[in-house]
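Use these hints to put chain B onto chain A, whose structure you have.
Here the protein sequences line up with chains A and B, keeping their order.
Start counting the first sequence at 24; every next residue gets the next number (our numbering).
Start counting the second sequence at 24; every next residue gets the next number (our numbering).
Think of the hints as simulated: they come from the structure by calculation, not from any bench.
Any given hint might turn out to be false.
What the hints assert, rightly or not - The calculated label-pair distances, taken between Cβ atoms and stated as ranges, are: (1) B:Arg432 x A:Ala76: 52 to 58 Å; (2) B:Asn472 x A:Pro247: 39 to 45 Å; (3) B:Leu96 x A:Asp167: 22 to 28 Å.
Don't be surprised by glycine CBs; every beta carbon is placed ideally from N, CA and C.
Number of protein chains: 2
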Amino acid sequence: MRPPTVSIALLLLIPLLSILPVSVPVSAARRSPRFLGDFAFSLPDPSRHRKAAYQYETRYFRQRLDHFSFAELPSFQQRYLVGPSDHWARPAGPIFFYCGNEGDIEWFASNTGFVWEIAPLFSALVVFAEHRYYGESMPYGSRDRAYENAESLSYLTTEQALADFAVLLTDLKRNLSAEDSPVVLFGGSYGGMLAAWMRLKYPHIAIGALASSAPILQFEDIVPPETFYDMVSSDFRRESLSCFKAIKESWDALEDQGQGHDNLVNLSRKFRLCRELNNTAELSNWLSSAYSYLAMVDYPYPSDFLMPLPANPIKEVCRKIDSYPDGTDLLDRIFAGVSIYYNYTGTVDCFDLEDDPHGMSGWGWQACTEMVMPMSSSQENSMFPTYNFSYAAYQDECVHNYGVRPRPRWVTTEFGGHDIKTALKEFGSNIIFSNGLLDPWSGGSVLQNISESIIALVTELGAHHIDLRPSTNEDPDWLIEQRKSEISLIRGWIYDYYQEKVASFSM
Amino acid sequence: MRPPTVSIALLLLIPLLSILPVSVPVSAARRSPRFLGDFAFSLPDPSRHRKAAYQYETRYFRQRLDHFSFAELPSFQQRYLVGPSDHWARPAGPIFFYCGNEGDIEWFASNTGFVWEIAPLFSALVVFAEHRYYGESMPYGSRDRAYENAESLSYLTTEQALADFAVLLTDLKRNLSAEDSPVVLFGGSYGGMLAAWMRLKYPHIAIGALASSAPILQFEDIVPPETFYDMVSSDFRRESLSCFKAIKESWDALEDQGQGHDNLVNLSRKFRLCRELNNTAELSNWLSSAYSYLAMVDYPYPSDFLMPLPANPIKEVCRKIDSYPDGTDLLDRIFAGVSIYYNYTGTVDCFDLEDDPHGMSGWGWQACTEMVMPMSSSQENSMFPTYNFSYAAYQDECVHNYGVRPRPRWVTTEFGGHDIKTALKEFGSNIIFSNGLLDPWSGGSVLQNISESIIALVTELGAHHIDLRPSTNEDPDWLIEQRKSEISLIRGWIYDYYQEKVASFSM
Numbered sequence: 024m025r026p027p028t029v030s031i032a033l034l035l036l037i038p039l040l041s042i043l044p045v046s047v048p049v050s051a052a053r054r055s056p057r058f059l060g061d062f063a064f065s066l067p068d069p070s071r072h073r074k075a076a077y078q079y080e081t082r083y084f085r086q087r088l089d090h091f092s093f094a095e096l097p098s099f100q101q102r103y104l105v106g107p108s109d110h111w112a113r114p115a116g117p118i119f120f121y122c123g124n125e126g127d128i129e130w131f132a133s134n135t136g137f138v139w140e141i142a143p144l145f146s147a148l149v150v151f152a153e154h155r156y157y158g159e160s161m162p163y164g165s166r167d168r169a170y171e172n173a174e175s176l177s178y179l180t181t182e183q184a185l186a187d188f189a190v191l192l193t194d195l196k197r198n199l200s201a202e203d204s205p206v207v208l209f210g211g212s213y214g215g216m217l218a219a220w221m222r223l224k225y226p227h228i229a230i231g232a233l234a235s236s237a238p239i240l241q242f243e244d245i246v247p248p249e250t251f252y253d254m255v256s257s258d259f260r261r262e263s264l265s266c267f268k269a270i271k272e273s274w275d276a277l278e279d280q281g282q283g284h285d286n287l288v289n290l291s292r293k294f295r296l297c298r299e300l301n302n303t304a305e306l307s308n309w310l311s312s313a314y315s316y317l318a319m320v321d322y323p324y325p326s327d328f329l330m331p332l333p334a335n336p337i338k339e340v341c342r343k344i345d346s347y348p349d350g351t352d353l354l355d356r357i358f359a360g361v362s363i364y365y366n367y368t369g370t371v372d373c374f375d376l377e378d379d380p381h382g383m384s385g386w387g388w389q390a391c392t393e394m395v396m397p398m399s400s401s402q403e404n405s406m407f408p409t410y411n412f413s414y415a416a417y418q419d420e421c422v423h424n425y426g427v428r429p430r431p432r433w434v435t436t437e438f439g440g441h442d443i444k445t446a447l448k449e450f451g452s453n454i455i456f457s458n459g460l461l462d463p464w465s466g467g468s469v470l471q472n473i474s475e476s477i478i479a480l481v482t483e484l485g486a487h488h489i490d491l492r493p494s495t496n497e498d499p500d501w502l503i504e505q506r507k508s509e510i511s512l513i514r515g516w517i518y519d520y521y522q523e524k525v526a527s528f529s530m
Numbered sequence: 024m025r026p027p028t029v030s031i032a033l034l035l036l037i038p039l040l041s042i043l044p045v046s047v048p049v050s051a052a053r054r055s056p057r058f059l060g061d062f063a064f065s066l067p068d069p070s071r072h073r074k075a076a077y078q079y080e081t082r083y084f085r086q087r088l089d090h091f092s093f094a095e096l097p098s099f100q101q102r103y104l105v106g107p108s109d110h111w112a113r114p115a116g117p118i119f120f121y122c123g124n125e126g127d128i129e130w131f132a133s134n135t136g137f138v139w140e141i142a143p144l145f146s147a148l149v150v151f152a153e154h155r156y157y158g159e160s161m162p163y164g165s166r167d168r169a170y171e172n173a174e175s176l177s178y179l180t181t182e183q184a185l186a187d188f189a190v191l192l193t194d195l196k197r198n199l200s201a202e203d204s205p206v207v208l209f210g211g212s213y214g215g216m217l218a219a220w221m222r223l224k225y226p227h228i229a230i231g232a233l234a235s236s237a238p239i240l241q242f243e244d245i246v247p248p249e250t251f252y253d254m255v256s257s258d259f260r261r262e263s264l265s266c267f268k269a270i271k272e273s274w275d276a277l278e279d280q281g282q283g284h285d286n287l288v289n290l291s292r293k294f295r296l297c298r299e300l301n302n303t304a305e306l307s308n309w310l311s312s313a314y315s316y317l318a319m320v321d322y323p324y325p326s327d328f329l330m331p332l333p334a335n336p337i338k339e340v341c342r343k344i345d346s347y348p349d350g351t352d353l354l355d356r357i358f359a360g361v362s363i364y365y366n367y368t369g370t371v372d373c374f375d376l377e378d379d380p381h382g383m384s385g386w387g388w389q390a391c392t393e394m395v396m397p398m399s400s401s402q403e404n405s406m407f408p409t410y411n412f413s414y415a416a417y418q419d420e421c422v423h424n425y426g427v428r429p430r431p432r433w434v435t436t437e438f439g440g441h442d443i444k445t446a447l448k449e450f451g452s453n454i455i456f457s458n459g460l461l462d463p464w465s466g467g468s469v470l471q472n473i474s475e476s477i478i479a480l481v482t483e484l485g486a487h488h489i490d491l492r493p494s495t496n497e498d499p500d501w502l503i504e505q506r507k508s509e510i511s512l513i514r515g516w517i518y519d520y521y522q523e524k525v526a527s528f529s530m
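Extracted from the complex, chain A is given alone in its bound form (with noise of 0.2 Å):
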């Protein structure tokens, strides 16, 4: 068993570093935050994770690769997950249906407590289906033959994905008698989009979303790039000033003590890394990742999602930095505070910065081809070292790692975003968009309502979708409210669509 390291995947930006403008810090140029999906690969022990304590069956449905096409090419079977059925009101009571985002869906499984705890409420039917090129959802076979290259890659994109899951659940439906059943679509993060966009786009198949933490508009110039890092940096200005302010002022000190080979080999020891670091831009980058992911991750109690933490994590790495006398070496602090994130429960020998720039990750390959989020870091609110985003670069790490060009453009053209309210005021309806203040994802979300039925649940103190996560004894009152709120929208959602179908079967 590998000790309990934790590696990151780095996939942006990071061979490209010759060719970025000289007043780029180099640490600046490899950040690029993403979704949870490198996580859900590189948990370098998943069964450390509680496992679900969810019943359900494990099923497979053969899919095609390629719905918009008649092209000849292997189909695939795509993994789902079925809860038990002894409480659905079938024929026509509720399907909750999760759309897997980039991970192994047991994973989100057991990260998506709210779904299964609320479905006997509603006599709904639970199925939890995997996102294609993930977990053991695998075209071609294996992980290796589908991650081969940017031909086998090709078809790993989100049209692909919301028509997998269409399919699906009409199948599913068909063979379960229970075509007159509502579905209503649940997701987090991606998996949020995800939902959110198959509700706009398969009005037909499901009634209703909650999409928790889909930051659908964190593309092209639709909000300012700055905002996740802005955000994140919030966080941790919002629990302590002189926190921010040494890691704001840490990566220079990082620069300066890590010159030379020497240097480096101490600055190594000092964060009792696994190996001598190559570059100072290794370390900044491990370090940026930690505070990106706490502030997602920022819950009230403690959690075990990425990592286990304390709850308030934020708090806790601010007050360990803060804690040290006068006169401390800024580093030490700074590793001080990180060792939460990396090492709450201080089992920990050494740190693995490992990780393979070059290897096909699924998250990368969709962040090089769809998902082209521009990030940038500000001089102003920004703790971490200010950054531009260049397209241009950005492009050509993609087309050097995966030897693909990205479509920057086309997710706001195939799913929209821009002025999002005057296009959606008077079309579509059902759906949710939750977020918690404190996700800097949220800063990409929906924060208002767009109508009527399309609704900003907004929470000042919530995470990463912390609603959908499984309920606790230290839930704050705000999180009850909160599901207690989300309950009431879906039951209205279903409760208007049996009124409807009655209604049809009257006529």
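Just chain B now, with coordinates in the frame of chain A:
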């Protein structure tokens, strides 16, 4: 120059006669109503048709062959026509966008006068976009190569065509600095289906759609398969019961008189065919097609859409059939009737039945892949020979002719259709489904309002997308009223859009 004869491409079922159940008359097995696509290609002399009186510029736009994957495929040039911009209120004036269907876009442009005529009222820019794989918009550089085989044809799908429109419009608006222009979609027949589906799938790109004679419900089991032929038959019965009966009886007469080679020679002579019949099915198919197309273009004024025809052509056909004294040979009467359709100008020397059932036609491919519209002919209400749709036979023929298996459930999975009222009552907006009840395609269309802004405009005496045709001095009052309603609804969509837009600027 070829003589003005007409050949009708018959694509389906022909090679399969031997495996059809014995009880199905040979002639019945050959009928397969189609859209106008085959005509668009086989029009013997396009110059016969009045060249568009409308002014436009022809442009080309480079498109991806597969929008939904990143497979490396050659791009192609999509043709589109742009009307004069002198009356366009740029940069926020509306764009009226015709969703090109299965044929040369110039043909649709010249037959869709409504759009050209009303554009100045709205200070709108007119754009007609050609559908991929039709007209000049050929992948792989030429029609021959695009239609070479199932592999080359595999990207001829509706979803790809809609994505072409979405990408073209997005780019066009950006290049015109007209991002805030409201786009209104127009389309007739399959083009109307595209317009409606585009409004549903790309609400952020187009604010509304006029879908004229768009049979989006002619799939699977949504409407009875007898609908189309029953409606054609009803159009004839409405004009004359004796005419209806004569046609209904003619198939047996045709079988009787077509037994053996000598009789086939006589039949060929009786119907003035350019070559001898190989079997009676060739002839019954030629007749059936005429009746179906007559029902589609049963306009109340002389027209020249598919063929030069008098006003109320079915009335004329029946008048001819009914005009002969008792004892006249039934097939002589039938020939006289059908000559109204095939030879109204009286200039045809002989009729050319020739078609190439193995030739690759665009609509044939679409019917063999996505556009699977089951068609039967009932014993009771149809004047055509009884025929029960057999999906197995249909599929076999598609495999034989195109080397492709249809996906008969895909259209309803992708676009919906079942229980459309429940699905869309609280979803979507700003679609007009206009239909004339003489049009046999109206039976597969939306004939009831779905919601406050998804509206069905139904005229009792209208035929196939008559509302989109150029206005004439002979337009009946109901047609003038119908168009007024359409103008009024479209004006409302644009008004609401501007109001919402101004409100969003003011916030």
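Verification of the hints:
1. One distance hint, 52 to 58 Å for the beta-carbon pair Arg432 (chain B) and Ala76 (chain A), is violated here, with the actual separation near 37 Å.
2. The beta-carbon spacing between Asn472 (chain B) and Pro247 (chain A), approximately 43 Å, falls within the hinted interval of 39 to 45 Å.
3. In this structure, Leu96 (chain B) and Asp167 (chain A) meet the distance hint of 22 to 28 Å, their C-beta atoms being roughly 25 Å apart.
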